[in-house]
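Participant: Read off the chains here:
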Amino acid sequence: MATKKFMYLNRRSSFGTVYAIESLEVVLIAAAFEQDVSLAFMDDGVYQIVEGQETDGIGMKNFSKTFHALGDYDINKLYVSKESLEERGLSESDLMPLVYEDEDDDWEEKPSVKVVTNDELKAIMSEQDVCLSF
Amino acid sequence: MLHTVNKSSFERNSLQSCLNTIDDTSVILFIEDGVINAANNANSSMIADLAASGRVFALQGDVEARGISPKLADNIKLVDYAGFVDLVVEHGTAVSWV
Amino acid sequence: MAQICGAEVDEEGFLVDLKDWNEDICKQMAADDDVELTDEHWDVINFLREYFEEYQIAPAVRVLTKAIAKRMGKDKGNSKYLYSLFPYGPGKQGCRFAGLPKPTGCI
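Protein chains in written order, with the working numbering: chain A, 1 to 134; chain W, 1001 to 1098; chain L, 2001 to 2107.
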């Protein structure tokens, strides 16, 4: 099977709608098909991967922890819109330090999150075969 | 690429996010409440420029259902469902701004 | 709805409420499947529970295999060994014994 480039575009925050957790579920299921997968976070979607989410008070599953497992699923390209972060007074240091172990580099831990400008994101999006929006 | 937008820019920022990341060869199709962006009072200069170069479409049924036909901004091309399919075929990867 | 040791399980035998889990339930599930739990089984079951606690998901089999190999060595981190412990699949059967939901993407 030829590998295609799949991008999951996440534009909503974690708990107000079901989009964020549904997106993550689809990403994990699709990981079994061993395609070239990337995730993009823009608009309020950047809040999905901010550090320090605590859900005890709202009785919902804290699926922010699951993003730390993505590296094990060979999903290690998480692009975050610089402009969306800045509009919200956020920076890369507010995001979870998500990493993966690079099989081709003696399993060295490397960051999965990459903050990109809209222009960079534009170029990345135009390379995709499939783009799924949540 | 084909970018579809199905929200009014008065309700959500989907159109703005689309415009932020659209490249020089892509086209936009307004569907559902996205056709509100095709009314002349909602127009942004960037949409006007894109429309002038023939890169903005709106789904006719959605435009008519919302009474927007008389207010349609200049140069926006109306398509029916068959035209929607043609756009998908012609422009490859589709991105929906929901 | 079916029950095991007073805890509700779904039609496939997975716990409905993960908080109901205890070792007796695990042992009963194993007995029902004709599996005798050994220390080797418990190593994997405990690993699965720790994985869920940390990541809030049941790992896919290939992820589990890789993680066990890293933690316990290659002689244990392989499908053959894990299937010898859990003949109905380390993902499906192992996660069920461990009180986890069915792994995402596991049919």
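Calculated directly from the structure, the hints in this document are not laboratory data. Don't take every hint at face value.
[Claimed, not checked] Result set (DSS-like, lysine-lysine): computed pairs, CA atoms no more than 27 Å apart in a straight line:
hint, chain 1, residue 1, chain 2, residue 2
1, L, 2092, L, 2080
2, L, 2066, L, 2080
3, L, 2066, A, 110
4, L, 2080, A, 77
5, A, 122, A, 5
6, A, 114, A, 4
7, A, 114, L, 2102
8, A, 61, L, 2076
9, L, 2066, A, 5
10, A, 61, A, 4
Participant: Now look at each hint and say whether the structure bears it out.
Facilitator: Hint check results:
{"no.": "1", "hint": "L:2092 to L:2080", "in the structure": "holds, 15 Å"}
{"no.": "2", "hint": "L:2066 to L:2080", "in the structure": "holds, 13 Å"}
{"no.": "3", "hint": "L:2066 to A:110", "in the structure": "holds, 18 Å"}
{"no.": "4", "hint": "L:2080 to A:77", "in the structure": "violated, 32 Å"}
{"no.": "5", "hint": "A:122 to A:5", "in the structure": "holds, 15 Å"}
{"no.": "6", "hint": "A:114 to A:4", "in the structure": "holds, 21 Å"}
{"no.": "7", "hint": "A:114 to L:2102", "in the structure": "violated, 32 Å"}
{"no.": "8", "hint": "A:61 to L:2076", "in the structure": "violated, 31 Å"}
{"no.": "9", "hint": "L:2066 to A:5", "in the structure": "holds, 24 Å"}
{"no.": "10", "hint": "A:61 to A:4", "in the structure": "violated, 31 Å"}
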